[in-house]
Structures are given as structure tokens and as C-alpha cells.
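*Asks:* Line order of the protein sequences matches chains A and B. In terms of the numbering used here, the first sequence has 451 at position 451, counting the first letter as 1, and numbering is strictly consecutive. In terms of the numbering used here, the second sequence has 280 at position 280, counting the first letter as 1, and numbering is strictly consecutive.
Don't read these hints as lab results, they were simulated from the structure. These numbers were taken from a predicted model, which means no experiment stands behind them. Just so you know, not all the hints are guaranteed correct.
Derived EDC-like pairs: lysine to aspartate or glutamate, alpha-carbon spacing no greater than 20 Å straight-line [stated by the list, open to error]:
{"no.": "1", "chain 1": "A", "residue 1": "Lys211", "chain 2": "B", "residue 2": "Glu317"}
{"no.": "2", "chain 1": "A", "residue 1": "Lys472", "chain 2": "B", "residue 2": "Asp490"}
{"no.": "3", "chain 1": "A", "residue 1": "Lys250", "chain 2": "B", "residue 2": "Asp202"}
{"no.": "4", "chain 1": "B", "residue 1": "Lys417", "chain 2": "B", "residue 2": "Asp490"}
{"no.": "5", "chain 1": "A", "residue 1": "Lys47", "chain 2": "A", "residue 2": "Asp456"}
Simulated coverage check for chain B against chain A, where a stretch passes if three residues somewhere in it have a Cβ under 8 Å from a Cβ of chain A [said to hold, decoys possible]:
{"no.": "6", "segment": "69-81"}
{"no.": "7", "segment": "188-200"}
{"no.": "8", "segment": "413-422"}
{"no.": "9", "segment": "451-460"}
Label pairs and their in silico Cβ distance ranges [said to hold, decoys possible]:
{"no.": "10", "chain 1": "A", "residue 1": "Ser235", "chain 2": "B", "residue 2": "Thr205", "range": "25 to 35 Å"}
{"no.": "11", "chain 1": "B", "residue 1": "Lys250", "chain 2": "A", "residue 2": "Val503", "range": "38 to 48 Å"}
{"no.": "12", "chain 1": "B", "residue 1": "Ser435", "chain 2": "A", "residue 2": "Thr482", "range": "29 to 39 Å"}
{"no.": "13", "chain 1": "A", "residue 1": "Thr482", "chain 2": "B", "residue 2": "Tyr224", "range": "53 to 63 Å"}
{"no.": "14", "chain 1": "B", "residue 1": "Lys469", "chain 2": "A", "residue 2": "Glu291", "range": "34 to 44 Å"}
{"no.": "15", "chain 1": "B", "residue 1": "Trp354", "chain 2": "A", "residue 2": "Val503", "range": "32 to 42 Å"}
{"no.": "16", "chain 1": "B", "residue 1": "Thr205", "chain 2": "A", "residue 2": "Glu113", "range": "42 to 52 Å"}
{"no.": "17", "chain 1": "A", "residue 1": "Gly408", "chain 2": "B", "residue 2": "Glu46", "range": "18 to 28 Å"}
{"no.": "18", "chain 1": "B", "residue 1": "Asp63", "chain 2": "A", "residue 2": "Lys472", "range": "34 to 44 Å"}
{"no.": "19", "chain 1": "A", "residue 1": "Lys472", "chain 2": "B", "residue 2": "Gln137", "range": "48 to 58 Å"}
{"no.": "20", "chain 1": "B", "residue 1": "Ser435", "chain 2": "A", "residue 2": "Tyr224", "range": "50 to 60 Å"}
{"no.": "21", "chain 1": "A", "residue 1": "Asp480", "chain 2": "B", "residue 2": "Ser435", "range": "29 to 39 Å"}
{"no.": "22", "chain 1": "A", "residue 1": "Ser76", "chain 2": "B", "residue 2": "Lys469", "range": "50 to 60 Å"}
{"no.": "23", "chain 1": "A", "residue 1": "Asp63", "chain 2": "B", "residue 2": "Pro285", "range": "41 to 51 Å"}
Ideal Cβ positions, reconstructed from N, Cα and C, are used throughout, including at glycine.
Number of protein chains: 2
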Amino acid sequence: MSKKWVSILLLQLCFFSYGSCGTVLVWPMDFSHWINLKTILEKLTEKGHGVTVLVPNVRYIIDSADSSGLNFEVFSVPFGKEEADEFLRNVLFKMIYELPNLSYWEAAWGFYETIVYFSKNVKLTCEAVVFNQTLIQKLRKAGYDVLVSDSGLPCGDLIAEMLQIPLVHSLRFTMGNVYEKYCGALPCPLSYVPVTLSQLTDKMTFMERVKNSLMSFLFDFCWYSFDKNWEQLYSEALGRPTTLCETMGKAEMWLIRTYWDFEFPRPYLPNFEFVGGLHCKPAKPLPEEMEKFVQSSGDHGIVVFSLGSMVKNLTDEKSNVIAAALAQIPQKVLWRYKGKKPATLGPNTKTYDWIPQNDLLGHPKTKAFITHGGTNGIYEAIYHGIPMVGVPMFADQPDNIAHMKAKGAAVEVNFNKMTTADLLNALKTVINDPSYKENAMRLSRIHHDQPVKPLDRAVFWIEFVMRHKGAKHLRPAAHDLTWYQYHSLDVIGFLLACVATVVFIVAKSCLFCCRKFGKTGKKQKRA
Amino acid sequence: MSKKWVSILLLQLCFFSYGSCGTVLVWPMDFSHWINLKTILEKLTEKGHGVTVLVPNVRYIIDSADSSGLNFEVFSVPFGKEEADEFLRNVLFKMIYELPNLSYWEAAWGFYETIVYFSKNVKLTCEAVVFNQTLIQKLRKAGYDVLVSDSGLPCGDLIAEMLQIPLVHSLRFTMGNVYEKYCGALPCPLSYVPVTLSQLTDKMTFMERVKNSLMSFLFDFCWYSFDKNWEQLYSEALGRPTTLCETMGKAEMWLIRTYWDFEFPRPYLPNFEFVGGLHCKPAKPLPEEMEKFVQSSGDHGIVVFSLGSMVKNLTDEKSNVIAAALAQIPQKVLWRYKGKKPATLGPNTKTYDWIPQNDLLGHPKTKAFITHGGTNGIYEAIYHGIPMVGVPMFADQPDNIAHMKAKGAAVEVNFNKMTTADLLNALKTVINDPSYKENAMRLSRIHHDQPVKPLDRAVFWIEFVMRHKGAKHLRPAAHDLTWYQYHSLDVIGFLLACVATVVFIVAKSCLFCCRKFGKTGKKQKRA
């Protein structure tokens, strides 16, 4: 059956099952973000909705020729692939090798600078859409029902506002949760909600709470500066003064890519839905060759090792340190590594250009997962209940691993400073200390025991927004308040003024009475 | 098949479907609260769980001889039915006829006093359980998996703590949300979250926000006094110093009897689940005689009228005012009323001792619902999309109607001051102005369009707590903080002290330099 007929059949099915099918416009992000978002989009397509993804001609893992039934609207950006490669290499080098050698505060600031640097290309990409009148007209004419935006970086919200269609964010986090907090009205009490990227947990000492507050101030400042950075573009595109925050805040739903297996319990709002791990699925059988290697591990089992889709090579020194540690464990190791084979590589370790990570993590022989700490990988480990050795490098990775450490399911190793012994000890700990497996299994049970699966919840709310042309009944009235009204500062000021007035009047009256009676007393005495 | 065999069959089914079945102990409340809670308990029984309800020998609508498969553990209280009747009459009279004639603040305080008065009997009931060693031993021996407590009034939490079993609250609200806020750590920003019973909405003027804050202070004071009132009993029963708040705060889940169709969007926590309207179901056919009367209304349709399960009689004057208004509308009216037939009763109005309220509200001929504003009735109206005329009398009824008014689905009439014209106008408005029907239908669509039905969510979380012996992963760390830590007052103090120290040192240094250079300058000048 041709693709066209499959689409028509699905559309009919959709009408039959849901009453009506919609059209979804998508503003994606590349790399691991795409893996997550694509799962939602494929499910939407499966349910008969028409999904169109806006993609630049220069991109990485977003494949516009795939057979998933998604439509791609490709637009041109004013930079080439080589330029983008160079740009990305600079960003990665800075984040992996430079920032970790700085002090904590310098690193946090450095990360912000990197994001601003990175957002230069995002801005060019954004301009290539919003100032392309032909494209905007085409999109407007298509009459989409909703725009789903991967809002780790801006622009999706702006396009939704230009097209006057409801917006749904799909988001892991923004730096320090500032956009969720200031634009989404999400309450973030600093006493028990650790600021994202702070590597703190919900149980903080006094000094940690001080650090959390200072981090929050730092990110607030970054946010102010980042928002200003985009203000002109947003205002120009909409033809009226506006801000990035104002536009992002118009979202109907915020689909957050975590859940309470990963996140520390915190206050949230009815239009925030925590759908972490929606891309996870049961393991499929491994390729024959790989299965043979896995089975050869006997009772010792295997260790799965990946540093994610962005890091393909390591320095010779680093790869030798790692391989030497792996060579000393009785487990077989499957290592996703494209670089030169390290001299210290043991016979128990095999490197692969690519591994079926989810299938390996779901294999009964798997004992541990060495991970850079990306959210997708961590969620696959949680899904299958596998303890982790975290080797975080940049972005939210150190923070993610801090979460897993706090929940007792991971041990952390410092990527820049680690020795062979460090990695070996970490591996031995998570494999031999049963508490790590128990905690990973506990998280897995929490993940699997939800009233509705995360993917179904994400799809439900996107469909809800299409069906009802929004979700206004979930939007808190906090959006209509100024910051001083939100914190009731005007009310507190008024009440204090009232109390002060009463105290003043009472005091004056007392004084008046005292004087009067004093005088009368004196007069009487004189008399 | 005997009841015993049905139970065994269900237990087998439960094991087959869910892996294991549990035993649930229940601390209920009487009247409309029971209607709501019973729906959950029957569903739990249906799924094969053993449910035992702790009930006093003196009670009202809780029927221990019903055939729902629930077990009842009846205990004796130190007061008789007549005494309880008299007590209840006093409470109702005070709330319906006395409080509404007072000023707003006096009425709020009066309501608190009534609750304290009412809680005297609740305390006696509580003591009859917690100091009954034989009963407590029996309950302990039974090894229940969870205690589900209707926590509008205290004691369920205390019994759970004594038996050392996980606790789940089923709750409409506590006065001013103080228990949710102080014992459950629920954030309630006063700028857009109206205090319960305040009759305010989420969109407040400056003076309304002042009122909201003052109401919150008042309720905080009431709470402090109410908590103190129960402290001795709780401490004595547990054999250690404790408070009602501390014990209530140990709950694993808070099942709240509202949803975003009724509630204004507000921050909440992962262990709060909004399951409003769980008792609602599709309408069943009416009794033949009633259906005939309904059909005789033709295109005009019918109006359903009930003042709830607690109010059975009205004064002659009041019933005549009401009946005269009903007589003037073209609709047929079905009025649940046990009192003397009013002289002004029109031929279009029939009174009934009892009406199948849900079936009537779900009837296609129904145009409006005259209601006292109890949550159960309001939810049935929302479920079926019926606009309301609210005649609130006491407790949360005025606040409930304020919610429905704000959402454009109700008109309010003052029970104590209403004239025939007032009621007539209100009825004409909700029937003839299409916006009321549209808004009621919008709320109905919101209610029906949820990822999981409220009843299934309530049951899911009770089962979750049984399966996992709690839900600790949803419990915010706010519970471990003191009030000043929670509000970061210690951190703010510390940071202010740091800033002050830095300013002091810099100022002193500047002063020192000025003096030194000043002196040198002077010396040079002199030289």
C-alpha cells in the first residue's frame, strides 16, 4: 500500500476514533532533543494527525528523508555545514575541556556565555524563518491547529504567535528554570527546589541553600541579559514591542521531559505535565553477533558504555585511561566509540560505531551503564532498572547525574580528572553493592507504575489543545499580575501602612490624653 | 451465589489482574461526604480489595447493612441519636439562619466557632476509637495496607499513625486551605489563589487581594487554635508530644474532590491529585411516573431543584416565596422537598421526598438546576452541562457558587433575603441567556476530556500506596524544613548580613583612606 493510502486510512481512523484530526507544526531541536520529540510526533502521525517539521537545510540527526510519515518543511539558513561544524566543535571543546577546569561560578557563567554564543546561530536560523514572508504566508495558509516547540532554545513560540496558533512547549529545562519560573509562572521555592544546573538536591544544608539562592540570582541575571538579546528580533517580527518571555509565556501546555522518578518532588501547575522517559520502550532482540558476545559474558553479565550522540572521539590519553579500567572487570563491555582503538583495550571490551542502547539496557545480562548523563540515556536506564556510572561532561549532564546519585542509583566519576582506578572503583561499586541495583529497580517501578504512560499523556495534551483550541482552564491567573502583585508586596505595604497609621493614631491619642490629664492634674495640684 | 463466594471470586480476579489485593481501612464522614467516598470504596471492592469502614453506632446516611460488599466495624459513642439530632439541628440553624445575618467577618468567625462546636462530638467519636484498646488491637491485628480518611474533620490520620499504616486523605478542603498549606506543604500564593470560603476568584482587585490576605490571617489563627484543641488527644493517644498538623502531614496522598473545571488554576504538589466529580455517572432512565411528568414539559423542559441531604424543611414563608417563583416559569419543576406543601405551589411544580438527581440532571429535557451548592450536586451539573441557580446556605456552598458564577455557569440568589422576583429573574437568566448553557457545556467538556477518569485516578493512587507501601517519591522535602527555612528567611538574613558587612568594610576603608590622604594632603599643604 502506498504512503498516500496509509495516510488517508489513518485520517479516516482518526476521525472515527477522535472525532477530528489536526495538523501540527513543529519547531524542533537537533541531536538528542530530536530523539525525544520525534517519539511524540510519530505517535501523532500514527493517530492520523498531519505533522510538519520546520527544519533548516543545515542540520545533524534530523533526517527529512525518513519513513516515519512526518512532513518536513526545509528552509535555508545563511551559513554552511562546515561553518556549523566548526561552530559546534568550538562549543563542545569549550564545554568539555575548558569549563570543567574553572571554578564552579566561572563554569556556570561560562556555560551561559556558551549558550549566548550558540544562540547566535539559532538567531540566524530564527530570522531565516520569521523574515521569510513566503514561508510565513505558506504556513499561515496551511492553518495549523497547534505548534509544538522544543523550547530549549527560542523561536518556536515566536512563530506560533506570528501564525496565531496555540503553542505547546516540549522542554527538558531552561537554565536555572528561569523561563518556567518567570514566563510560565512556575513556583520554585529556593529552600527545597534546587536550581537546575546547580547539582544540588532537595535536601540542602544551610550553605547549600545559600548557594542555591546565589545560583538563582546568577541565572536571573543571565536570563535578563538573554531576554534582552532576543527582544529586538521578537519585537521586529511581531511589529510591536514584546519580549521573549512574554511570547514563551503564552504557551497552553509545558510538557517537561522528566518525572518524579528523576525529579525531586516540587510544586507545579496544572498546565505543566511531566512526561519524562516517553521515548523508552521494551528491549528488542539484539543483532546476532552482538547477542553472541553478550551471552559469552556468562554470569558476570555486561556493561553498556556510551557518551551520547555528540561526543564521538576522545584524546588518546583519555581513551586509554578508560579502556584500562574496563579491561579489569569480569564483565564484557560494549562501548559506543568511533575513535582510534586504545592500546589498553582488554579482550572483554568491544567498541561499536553505534549500539542499540535501549535494547542493550533492557537485556537481562546488563549489570551497569556508563553514561555521560544525557536525559534520554538516564531514562532508558531507569526504565530497565540499570544502575549507572555517570561521566558527565556538559550542559545538564552533571545535574542529571547529581539527581541519580541522590536517588542512590549512580556513582559519579569526573571526566577530566578521572584515573583508571576511579572508573574501576565506580564500576565495582555499582555492580557489587546491591543497593544501587535495588534503587535503580525502585525508580523503574515508579516509572512503570503511572496511571497513564508519559507518551500517551504528552500526545493527549497536544490533542486536547487542538480539540479545544487551547487549554485556558489550566492557565494560572499569575500571568496577569506584575511581579510585585504576584509577591503581594503592594498588599503587604498597604497593611503595614495601615498598622503604622493605627499605631501612630493610638500613640498620638495616648500622648494627647497624658498631656491633657497631666495638665489637669497639675492644675488640680496647684488649685 | 453467596456474598462470600463473590468475595473469593473477586479476590482471585484481583490477584490475576493486579498481582496482589489489599485491605483498606476507612475513616468516613457522614452525609454528602459519604456519597463521594463510597464511590471510591465500592470501586476498590469491585477490584477485589477488602474494605472495612469504621463507623459509630450513631450515624445518618452511612448504611452498614447495604449490599455493596463493604465491611463495617461499628463502635459505640458516648452519646445517643436524640442528642446527636439536637446537636446537628443547632449547628444547621446557626449556619443557615444566624450566620448569614452577620457581617462577613463575623460570619467567618462564627463558622469557625460552629466547627469547633461540631468537633466536640467528633472528638468524643475519635476518643471512642483511639482509647478502645480492644478495637485498636483488632485493627492492628488485621494488618491493613492503607487507611483512607475523609479528613474534613480529624482522627483518621491519628488512627493510621497508631496502626502504623500509610494514610491517604480524601478531602474537599479544610478551612482556608490551612491544613493543605501548613501540614501538606501546598503553596497557596495569596495574590491569585483565593482562600477557600472567601468567595473570591483568581482574578482579584487590589482590595480583594487585601481581603484574601486578611482572610488567610484569620484562618491561620483559627487553625492554630483548632490544632491546639486537638493536641492533647493526639499526644495522649500516641504517647508522645505531637500535633494534629504533624500527623495529618504524614499522608502519602491527598485526593482533592475538585478538578480544573471547578477550581481556579493554582500550584499544587505531586502528592495532590484532583479527582473532583468521581461520583458522577451517565444518567439512568427515570421512574415511569417521573418520566411522564418530565415529558409533559414539552419544549420548555424541566428545572431540577434540591437543597441537599441535610436541609429537609423550610419555613412556610420561605417555601411560599420559592414556590411562587417556580409557578411563574413555563418549565416543569421537580423539587426535592419533604416539608408542608406551600400554598403558592403551581401546577407545574411537583415535590418529592427524594429525586434521582443525577438521572434528572442528565435528562435531555433539563434546562436548569436550582442547588444549595454542595460539591456533589455542582459536579453532577458540570458532568451533564446544566447551568445553575445557586441558593447557598452554609459551609463551602457560597464559595462553590462563587466558583460557578466566575466561570459563567451560575447565578446566585441569597437564601435569606430572596424575594420571589429574585428567584424568578435568576431562573429566567440561566434558562434564556445562552451564555450560561454554553459555559456549563464548556465545563462539562473539560470534565469529560481528561487522560484518566477521576474515579480511576483516585483508585489508582490508593492501590499505588498499597503496592509500594507509600508514595515517598512524591513527598516534597518542604516537610523537613522549619517555617523560616521554608521561606528562606535564614538565607535572606545571612545574605543581608554579608552585604551589610561588605558595605561596612568598604565604607570604613574609604573613610580610613580619605582621612589618611586628607591628613597627608594637609601635611603636604602645611609643608
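*Asks:* A separate judgement is required for each hint: does it hold in the structure or not?
*Replies:* So, going through the hints one by one against the coordinates:
1. A:Lys211 <-> B:Glu317: violated, 68 Å
2. A:Lys472 <-> B:Asp490: It is violated: about 38 Å lies between the C-alpha atoms, which goes past 20 Å.
3. A:Lys250 <-> B:Asp202: holds, 18 Å
4. B:Lys417 <-> B:Asp490: violated, 51 Å
5. A:Lys47 <-> A:Asp456: With a Cα-Cα distance of about 11 Å, the restraint between Lys47 of chain A and Asp456 of chain A holds, given a limit of 20 Å.
6. 69-81: It is violated: at least three residues are needed, and the segment 69-81 of chain B offers just 0 whose Cβ sits closer than 8 Å to chain A.
7. 188-200: Held - the segment 188-200 of chain B has 4 residues with a Cβ nearer than 8 Å to chain A, which meets the minimum of three.
8. 413-422: violated (count 0)
9. 451-460: holds (count 5)
10. A:Ser235 <-> B:Thr205: 25 to 35 Å: holds, 31 Å
11. B:Lys250 <-> A:Val503: 38 to 48 Å: holds, 41 Å
12. B:Ser435 <-> A:Thr482: 29 to 39 Å: holds, 30 Å
13. A:Thr482 <-> B:Tyr224: 53 to 63 Å: violated, 32 Å
14. B:Lys469 <-> A:Glu291: 34 to 44 Å: For Glu291 of chain A against Lys469 of chain B, whose Cβ atoms are near 38 Å apart, the range 34 to 44 Å holds.
15. B:Trp354 <-> A:Val503: 32 to 42 Å: About 58 Å separates the Cβ atoms of Trp354 of chain B and Val503 of chain A, which means 32 to 42 Å is violated.
16. B:Thr205 <-> A:Glu113: 42 to 52 Å: holds, 44 Å
17. A:Gly408 <-> B:Glu46: 18 to 28 Å: violated, 37 Å
18. B:Asp63 <-> A:Lys472: 34 to 44 Å: holds, 42 Å
19. A:Lys472 <-> B:Gln137: 48 to 58 Å: Holds, since Lys472 of chain A and Gln137 of chain B (Cβ atoms, about 54 Å apart) stay within the stated range.
20. B:Ser435 <-> A:Tyr224: 50 to 60 Å: At roughly 42 Å between Cβ atoms, Tyr224 of chain A and Ser435 of chain B fall outside 50 to 60 Å, so the hint is violated.
21. A:Asp480 <-> B:Ser435: 29 to 39 Å: Between Asp480 of chain A and Ser435 of chain B, where Cβ atoms are some 22 Å apart, the hint is violated.
22. A:Ser76 <-> B:Lys469: 50 to 60 Å: Given about 58 Å between the Cβ atoms, the range holds.
23. A:Asp63 <-> B:Pro285: 41 to 51 Å: violated, 57 Å
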